[in-house]
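Enquirer: Take these sequences, add in the hints, and give me the full structure.
Listed here are the chains, written in short residue letters.
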Amino acid sequence: MDTVSENKKNYFSSMLMIKRGLAVGFPIMLGYIPIAITYGVLAKQAGLSLMELTLMSVLVFAGASQFMGANMIALGAGAVEIIIATFVLNFRHFVMSLSFMNRLREVDLKWKFPLSLGLTDETFAVSSLHTNEAKEEKGFLFYGALTLTAYLSWVIGSFLGGVLGKVIPETLSQSMGIALYAMFIGLLVPSVKKELRVGLIAVIAMLINVICLQFMSSGWAIVAGTVLGGLSGVFLLKEERR
Amino acid sequence: MIILLIIIGMSVVTMLPRVIPAFIVDKLQFKDWVNRWLNAIPYAALGALIFPGVLSINADKPHIGLIGGFVAIILAYVGLNVIFVVIGAILSVFLLTTLL
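Protein sequence lines, in the order shown, are assigned to chains B and U.
Heads up: the first sequence begins at 588 in the numbering used here, then just goes up one per residue.
Heads up: the second sequence begins at 16 in the numbering used here, then just goes up one per residue.
A couple of the hints might just be wrong.
Derived SDA-like pairs (lysine to any residue); straight-line CA-CA distance at most 25 angstroms [as the list claims (entries may be wrong)]:
(1) Lys42/U / Thr718/B
(2) Lys697/B / Leu19/U
(3) Lys781/B / Tyr92/U
(4) Lys76/U / Asp47/U
(5) Lys606/B / Gly103/U
(6) Lys722/B / Val49/U
(7) Lys42/U / Ala721/B
(8) Lys825/B / Asp47/U
(9) Lys76/U / Phe654/B
(10) Lys46/U / Phe681/B
(11) Lys631/B / Leu19/U
(12) Lys46/U / Lys631/B
(13) Lys781/B / Ile98/U
Honestly, the hints are just simulated from the structure, not real lab data.
These numbers come from a predicted model, not from an experiment.
Expert: In structure tokens:
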């Protein structure tokens with residue numbers, strides 16, 4: 588009897604985590620699909636086949652560098668050049684992953700590994716502003732569900748863009764370009780309301796980013812803003828109540 | 016064939032920075048200040064990702080992104096769920112681009 592009710596409880600807590608993950612993943616989906624479709628269209632024009640452009644989404648799963656990659660392929664850039672540019676653009680994920688994985692210390696490596704693979708700016712932002720789930724028993728299902736929602740939206744959206752071409756009218760897709768920024772803002776503002784210093788960290792990072800953009804590529808500028816802006820947290824954040 | 020190689024190369028160089036931390040946090044114990052630094056990273060990343068990127072959604076008219084961003088701030092400030100913040104910002108940008 589005991590094991591039956593235990594199983595039931597387990598099942599319900601798992602389902603709850605997955606549902607919550609899907610709910611917080613939904614805004615990412617809304618933001619990703621129009622961008623993914625645009626990528627699909629652009630990659631097709633750049634001369635990639637439907638299989639190639641979808642495979643790139645499956646294997647790379649990084650918006651900005653896929654746009655850049657497709658562009659560079661169209662311009663006839665060399666493979667090494669494209670790969671190095673991709674590395675530079677995505678290096679920020681190292682810093683983000685280090686922060687997120689440090690939160691997930693309790694979680695088993697067999698879950699941390701796939702979660703880290705699915706890390707993007709967006710999945711990182713949503714995951715790390717939901718820190719409580721990391722301490723819960725089935726928390727990895729929450730992060731897994733939101734990451735998978737993002738991943739599938741990206742892959743399916745790219746494929747659709749490659750097949751259908753420009754299905755979303757220009758004004759609408761441009762308007763939807765605000766979606767991910769609005770999501771970032773929607774994540775940040777409640778934290779700032781709770782703890783004003785958090786807003787200061789974000790503003791410092793913005794300023795560093797703006798300054799660095801004057802003399803480096805946007806990939807490095809975001810790394811600098813994130814790393815140096817985050818350093819201000821050493822002084823601004825209170826001791827962690829773990 | 017060369018495109019396939021490019022895709023695989025891109026995949027490897029994006030995968031490594033994402034995955035390596037998963038393995039090293041198990042091996043390392045961080046000092047308090049490093050933990051505080053890592054805990055501040057999400058907020059710093061959000062700041063760096065929001066600005067000035069938000070200005071670029073309409074490259075010719077940076078004020079559209081700026082206004083959309085402010086709409087998002089207000090909606091989030093009054094306590095709306097992220098999804099409504101996103102929808103509200105999309106609508107405001109849509110209205111701005113079609114009406115102006």
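Enquirer: Run every hint past the structure and note whether it holds.
Expert: Hints versus structure:
1. Lys42/U / Thr718/B: It holds: about 22 angstroms lies between the C-alpha atoms, which stays within 25 angstroms.
2. Lys697/B / Leu19/U: 29 angstroms, violated
3. Lys781/B / Tyr92/U: Holds, at about 11 angstroms.
4. Lys76/U / Asp47/U: Answer violated: lysine 76/U to aspartate 47/U is near 44 angstroms, above 25 angstroms.
5. Lys606/B / Gly103/U: 24 angstroms, holds
6. Lys722/B / Val49/U: Roughly 20 angstroms between the alpha carbons, so the hint for lysine 722/B and valine 49/U holds.
7. Lys42/U / Ala721/B: 19 angstroms, holds
8. Lys825/B / Asp47/U: 11 angstroms, holds
9. Lys76/U / Phe654/B: 22 angstroms, holds
10. Lys46/U / Phe681/B: Roughly 19 angstroms between the alpha carbons, so the hint for lysine 46/U and phenylalanine 681/B holds.
11. Lys631/B / Leu19/U: Holds - the C-alpha atoms of leucine 19/U and lysine 631/B are around 15 angstroms apart, at most 25 angstroms.
12. Lys46/U / Lys631/B: With a Cα-Cα distance of about 49 angstroms, the restraint between lysine 46/U and lysine 631/B is violated, given a limit of 25 angstroms.
13. Lys781/B / Ile98/U: 20 angstroms, holds
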